[in-house]
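Asks: Here the protein sequences come in this chain order: A and B.
Numbered according to this note's numbering, the first sequence spans residues 1 to 961.
Numbered according to this note's numbering, the second sequence spans residues 1 to 516.
Please keep in mind that the hints were generated in silico from the structure rather than gathered at the bench.
For clarity, every value in this text was computed on a predicted model and none was experimentally measured.
Glycine included, C-beta positions come from ideal geometry on N, C-alpha and C.
Certain hints may be false.
25 Å max Cα-Cα, derived SDA-like pairs, lysine to any residue [said to hold, decoys possible]:
1) B:LYS365 <-> A:GLU104
2) A:LYS775 <-> A:PHE671
3) B:LYS512 <-> B:ILE57
4) B:LYS66 <-> A:LYS780
5) A:LYS780 <-> A:PHE768
6) B:LYS512 <-> A:SER726
7) B:LYS66 <-> A:VAL733
8) A:LYS674 <-> B:GLN160
9) A:LYS528 <-> A:ASP355
10) B:LYS66 <-> A:LEU664
11) A:LYS725 <-> A:LEU910
12) B:LYS437 <-> A:ASP105
13) B:LYS513 <-> A:MET713
14) B:LYS512 <-> A:GLY727
15) A:LYS725 <-> B:TYR180
16) A:LYS929 <-> A:SER833
17) A:LYS771 <-> B:GLY151
18) B:LYS66 <-> A:ALA872
19) B:LYS365 <-> B:ILE352
20) B:LYS66 <-> A:TYR719
21) A:LYS357 <-> A:CYS520
22) B:LYS437 <-> A:GLU104
23) A:LYS539 <-> B:PHE362
24) A:LYS780 <-> A:PHE671
25) B:LYS512 <-> A:ASN723
26) A:LYS725 <-> B:ALA511
27) A:LYS497 <-> A:PRO385
28) B:LYS66 <-> A:GLY871
29) B:LYS66 <-> A:GLY875
30) A:LYS539 <-> B:ARG298
31) B:LYS156 <-> A:LEU664
32) B:LYS404 <-> A:PHE768
33) B:LYS156 <-> A:PRO673
34) A:LYS780 <-> B:PHE155
35) A:LYS775 <-> B:ARG103
Here are some of the chain B residues that sit facing chain A, going by a computed Cβ distance under 7 Å [stated by the list, open to error]:
36) VAL208
37) PRO225
38) VAL288
39) TRP436
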Amino acid sequence: MNIALIVLLPLLGSVLPALMIRSGRNSCVASAAVPSFLAFSLLLTHVPAVFYFGTTPKVSWPWLASIGLHVEFWVDGLGLLFATLILGIGLLILIYARSYLAAEDPMGNFYCYLLIFQAAMVGIVLSDNVILLMMFWELTSLSSFLLIGFWSHLPAGRQGARMALTVTGGGGLALLAGVLLLGQVADTYRISEIITRRELIQSSEWYPTILMLILVGCFTKSAQFPFHFWLPRAMAAPTPVSAYLHSATMVKAGLFLLARLWPVLQNDHLWFYSVASIGLLTMLIGAIIALFQDDLKGLLAYSTISHLGLITMLLGFATPVAVSAAVFHIINHATFKAALFMNAGIVDHEAGTRDLKRLGGLMWLMPVTALIAMVAAFSMAGLPPLNGYLSKEMMLEEASHTKWMDSKQVIPTLVTIAAVFSVAYSFRYVFGVFAGRVRHDYPHHPHDPPPGLWWPPTLLIVFVIAIGLRPDIVAESLVKSVTAAVIQDQAPDIHLKLWHGWTPAVTMSGIAVGGGVVLCLMYLLLRKVWDILPRPDAKFLFDALVAALTRGCQLINDFVHNGSQQRYIFMTIATTIALAGWAFASYPWALGERPQNPITAPLIVGWILVIGSTMLVVINYRNRLYALIALGVVGLFSSIGFVYVSGIDLALTQVSVEVVTIILMLLTLYFLPKHSQPESLNWVRLRDACLGIAAGIGMGGMSWLMMTRNWSMESIQGYFLANAKSGGGGTNVVNVILVDFRGFDTFGEITVLGCAGLAIFAMLEGLFRGKLLSKLQCWKPDVVKTADRHPILMVVVTRVLLPMAILVGMFIFFRGHNLPGGGFIAALIVSVSLIMQYMASGFGWAANQIRFKYHGLIGGGVLVAAATGIGAMVGDRPFLTSWHDHWHPPKFMGIDFGDIEAASAMAFDLGVFLTVIGAVMLALAQFSKLGTLTADSRVNQTPMDCDPSRSFSSQHHSPKH
Amino acid sequence: MNHLLILPILFPAIIAPLLAMAVRHDIVLARVFSFAATLGLVLLGCLLMWTASDGQIRVYELGAWKAPYGIVLVLDRLSALMVLLTACLATVVQLYAMSGWDRRGHHFYSMFHVLLMGVNGAFLTGDLFNLFVFFELLLIASYGLMVHGGGPARFKAGLQYISINLIGSVIFLMGLGTIYGVTGTLNMAHFAERISQVPESDQAIMAVGASLLLVVFCMKAALVPLHFWLPATYSNAPPPVAALFSIMSKVGVYALIRFSDLSLLQQGGPFAGLGTQWLMPCAVLTLVVGAVGVLAARSLSLQASFAGIASIGTMLIAIGLYTPEAQAAGLYYMLHSTLAVAALFLVIDMVIVRRPGAGDGFDPKPFPNQGFLAAFFFVAALIVVGLPPSSGFLGKLQILHHLKSTDDWPMLWAAILVASFVTLLGFSQAGSFVFWKSSADKKYSPTVGEERQATECESQPLALPATAVGMAWALLVLLTVFPSPVMNYLEATVAQLFDPQQYINAVLEPAKKAGL
């Protein structure tokens, strides 16, 4: 459990500083340091077990066991070393950052991000599951994104953060693929098991792929060539971040993983040539560029790249001794480089600049800082008796006898060149900043910093010197046990000491120091050459690449989604035709055998009318009124068609729906241009015509195929015919289906209708506000209005028709269950009679006469229908179970009322009736209201323009009102 | 008689008209009733899931008419899960909408509940025509919600949305007619039973009918090339509505799963592979189009829309494999992406209301609560992209894991990972423009002229919207921390789906027993 706590403490603790900043900066630091310190202490409790007893404590909980993802942690030598570095240096950084950050920096956020990062990093090194490791891996990328962009007001910070996230996050995805594949090949995601399955993995056909994917992940993270360019840009982060993430810990995550998987991935061909070569190249390039950096942090960044390359190269050598050198250098680099970064931060903080050209002579003003810089930089240069010297000697020793493609010279030569540059830039750092005369143009007045800034690096310097002087005591056993953990074998018998005798490495070291001094002396000359040389600018290339990618995506996206409704509909229909056509072509079919009905003259006339009016719509669609009338003809003939095939209910419905929709469409047409412009190019219209023809052929063909055959399977319709009377209590099967067998569908559909009414209301209410309202108010009708808007004849006729239409509606309603009719048709008939009142007397007057709200009618209708259904539930029958009975009332005054039938379906039909009226009338009323908002509308107060009765009554009554 | 099955449909069906009828003038009452009803749906969802978890398939015969003659509702693990997911999402959206969006137009909550009724009905129904009815319900309600609040851009996008979806409805009807002609039934189970017995002479007709239905389902799911309605709709709809819409594309996915698992895969006989071989390439294409769109988009809400498309692609890659493990992983990803995309839309709206004039475009403009919202956007985007430690990562991980067993896995892996990368790039650019670059100009300090507007921005509520988003995330955290119980349920769900005979028996047994 307590292994998991090492990760969890900083993770959960990350909330604390974000909150505690409210009670002051010191509480903030303390609240960040406490979880970190506790985790560190917990970690140290494992030191005896791991280093002296050689055990590896483990914990494991299942998480997503089905794919082998477990929460598994272990502490072995390698993990322990890294975790110690992460938490130990982390503590120092926390303290350092307290003094470093300015008062206006949001310190709470900073410590929060830093702790998340710390937890993620510890998670990487202690995970015993590659997927878990991956999760922490990506988390470090994310937290580093936040930390690099911490000063988000600086463009460099934002760009650097994005670049780092893009490179390391992208590499992380490659790594994800790599480790998933690795896990699949090894048949486990548990690291401690994977690293024992070398044969299995290396014999797999996927080994090269796995290796490449993992290397991409590691190289992006550890800033290896050609992915190194993000690291210098990440220096836009506050210096504590650079010291922590970008030198001591995060960039070593790639190295950690290389070391972790070393036992299974290493071999002397593919691994050697990819890892060692890239490492060597990175080491060389980083060292050369570092020399020519003027920004202190830039110099350190490239030197970090170079040292990371060095370690990568050592791991690539694939020998146990090289691994121990790598391990040793990891420790040493972490100590001196973190100290140097903190040092650069101090210089920046106190002198106000980190530009080497503006610095110099600080030794006299900041002696403590200068001392730290000197020790750390000389260690970096590889001068005895410091720890950098020791590991560099080991590296040179290994390099001196490693062959590259049968050549004994390549590696030693290149390594020596890199070492020369390494000495040179280290010297340049020390002498450029601290030596020389005191200048008078520093932006600030430099002096030694407060203790919070200098003692963390000093502590690291103590290690630099201690390891350098007595490596046998301080470091040897550590390096050995970690090496053993890496190679999963007995560690090689190495002896860490300052003097091994006169070895090739000493010669190379000597050359390096000598060469370095020479380079420093020739610096001005070299710099001129360097400035002239053309160099690819990684930032420029990267930005260009991202911009090109973005631009490319935009081009594609704008082309595909150009907002054209026509195109979208074309694609939709084309896809449909393509899939349906493919389906039809892939299966067998045969012509139907059903005998055709005789073709009679009326049929031919109807056929011609339907086809003809459809053609007219296609030809003349730009004249909207014309198109609407032609569509009306099609609708009407559909109704006649229904009559022809004995679908009286359908015909009635079709006719009444036709009337209502045409009226509604006419209302909207009033506000639209009467002619629409041709909206597309000729070829587009040709394309659309072809599509239309194809769709027509498809649909027509399908209909023909379906109507000319006898189906072999028995349809459920027989059941409806047989049970309508006995089960549903009605002889009109269509109505019984609507209100009973499939009453649930009808219930849904009336809700659709009601909701449509509400939606139209809400939508048009939206029009009555803001810009659209002013547009509406300025709108002038584009057709001549009739002078006689509300003619007396029409008013009188519609008034007379109203009660009659309602009576017809009631008749249709009540006969519905047994004969053609029903609530839906009845409602439409009543609606039409109401609409006529609006048409005759105008919206203003008619709206005033309505005593109920259509919203209520809609709601009430749906509720009545629902209540009918719920009634059945009260009797523990399913929703909408119908009840029907008949009742013979006694004779009253000699009149026989006959059998009175009643069915619960009638109440349901009433719900349908109410909803339909409400929805239709609400929509109509809203559309009419549009007209009253225009500029020239005269809202009529009287039922008709010329009202004879008004003149009559005004003569006889005194004007009271 | 277990009336539980009808309640998720009936409940909103009663609340919606009540709200329109009685409380349309009082927003407080509307909120109270609507929220209570939404919470009631969550409770119902839990009850349904608890009921369904015993593995038995329950049938509710509406009007006491036995299947295949009447309409039945069918409850299995999948439909219960979807109903619960809908209710959870609805709660989040309603919480958010209460901070002000519900007042910008009329009848918001009525249409909200009609939409819920449609979605729940689509998940529960066992009848193809009834499914059409519920599609219509959610279409009409979604249209009303989509143009809620008005504005020319919204109306324009709304017109596209409704016209394309009406074409979809027509195609649906044509497909239904064809299927009814050939098999003589509308009941899904009955259809599944009959599909393999279609005589050879009718098979081409049957195939056309089934493929028309597949087209409609894919259109709802926004599968490329039937996705064209989605980007403009989601990015122009009020963001809370767009958040709610993230369940609508899942209705399409659900219908696709239901239809193909129940009737095509095993029962299909000659039609077993119908359309499924197109699904995988289209899903990959969907993922690509979505990822490209995220990088190309010039506003946050358009990015979120394309991220939604990409997530559909990812989940359909998994579902399109038609293996039990992969489909379970796809369902897990569906749970994740529904909530994740919704939360993203809500966060974007929190930004939009604070940037009058700038909206969600990428021009830098300081706004109040910037740091807080930056953190929110960071988390929301991270979850949508599927970076660890989000549920999206677990989802993708499982999908990748199961894809390994296919022949084309290198291509599919590459598609998913590269798409993640491109999406990540897109969101990091957008976030850095909107949240970081704007802080470069200066800290948020309104000029005198902007003061009135500024006060308005500052007084935008933060607590309630943040709670709503937090709720969605809380659910996602549960999904992340306890994936195993979820996966157990999902694996059982898929096992049920892959045993269609169980479903068919549950639906058709009663009629057979009664001798009909």
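Asks: Does each hint hold? Answer for all of them.
Replies: Hints and how they fare:
1. B:LYS365 <-> A:GLU104: Status holds; Cα separation ~21 Å.
2. A:LYS775 <-> A:PHE671: holds (12 Å)
3. B:LYS512 <-> B:ILE57: holds (17 Å)
4. B:LYS66 <-> A:LYS780: Distance of about 59 Å is beyond 25 Å: violated.
5. A:LYS780 <-> A:PHE768: holds (16 Å)
6. B:LYS512 <-> A:SER726: holds (20 Å)
7. B:LYS66 <-> A:VAL733: Holds, at roughly 17 Å.
8. A:LYS674 <-> B:GLN160: Holds: LYS674 (chain A) and GLN160 (chain B) sit about 21 Å apart, inside 25 Å.
9. A:LYS528 <-> A:ASP355: holds (18 Å)
10. B:LYS66 <-> A:LEU664: violated (40 Å)
11. A:LYS725 <-> A:LEU910: The given pair, whose Cα atoms are some 20 Å apart, holds under the 25 Å limit.
12. B:LYS437 <-> A:ASP105: Roughly 16 Å between the alpha carbons, so the hint for LYS437 (chain B) and ASP105 (chain A) holds.
13. B:LYS513 <-> A:MET713: holds (21 Å)
14. B:LYS512 <-> A:GLY727: holds (18 Å)
15. A:LYS725 <-> B:TYR180: Given that 25 Å is the threshold and the Cα spacing comes to 24 Å, the pair holds.
16. A:LYS929 <-> A:SER833: This hinted pair holds, its Cα atoms lying about 19 Å apart.
17. A:LYS771 <-> B:GLY151: holds (8 Å)
18. B:LYS66 <-> A:ALA872: Cα-Cα ~16 Å, so holds.
19. B:LYS365 <-> B:ILE352: Holds. LYS365 (chain B) to ILE352 (chain B) sits at ~11 Å (cutoff 25 Å).
20. B:LYS66 <-> A:TYR719: holds (11 Å)
21. A:LYS357 <-> A:CYS520: Holds, because 15 Å separates the two Cα atoms, which is no more than 25 Å.
22. B:LYS437 <-> A:GLU104: holds (18 Å)
23. A:LYS539 <-> B:PHE362: holds (22 Å)
24. A:LYS780 <-> A:PHE671: holds (9 Å)
25. B:LYS512 <-> A:ASN723: Holds, at roughly 17 Å.
26. A:LYS725 <-> B:ALA511: holds (19 Å)
27. A:LYS497 <-> A:PRO385: Holds - the C-alpha atoms of PRO385 (chain A) and LYS497 (chain A) are around 10 Å apart, at most 25 Å.
28. B:LYS66 <-> A:GLY871: Holds, because 19 Å separates the two Cα atoms, which is no more than 25 Å.
29. B:LYS66 <-> A:GLY875: holds (18 Å)
30. A:LYS539 <-> B:ARG298: It holds: about 24 Å lies between the C-alpha atoms, which stays within 25 Å.
31. B:LYS156 <-> A:LEU664: Judged against 25 Å, a Cα distance of about 20 Å means the pair holds.
32. B:LYS404 <-> A:PHE768: violated (57 Å)
33. B:LYS156 <-> A:PRO673: holds (17 Å)
34. A:LYS780 <-> B:PHE155: holds (22 Å)
35. A:LYS775 <-> B:ARG103: Holds, at roughly 23 Å.
36. VAL208: holds (5 Å)
37. PRO225: holds (5 Å)
38. VAL288: violated (9 Å)
39. TRP436: TRP436 (chain B) check passes; min Cβ-Cβ to chain A is 4 Å, inside 7 Å.
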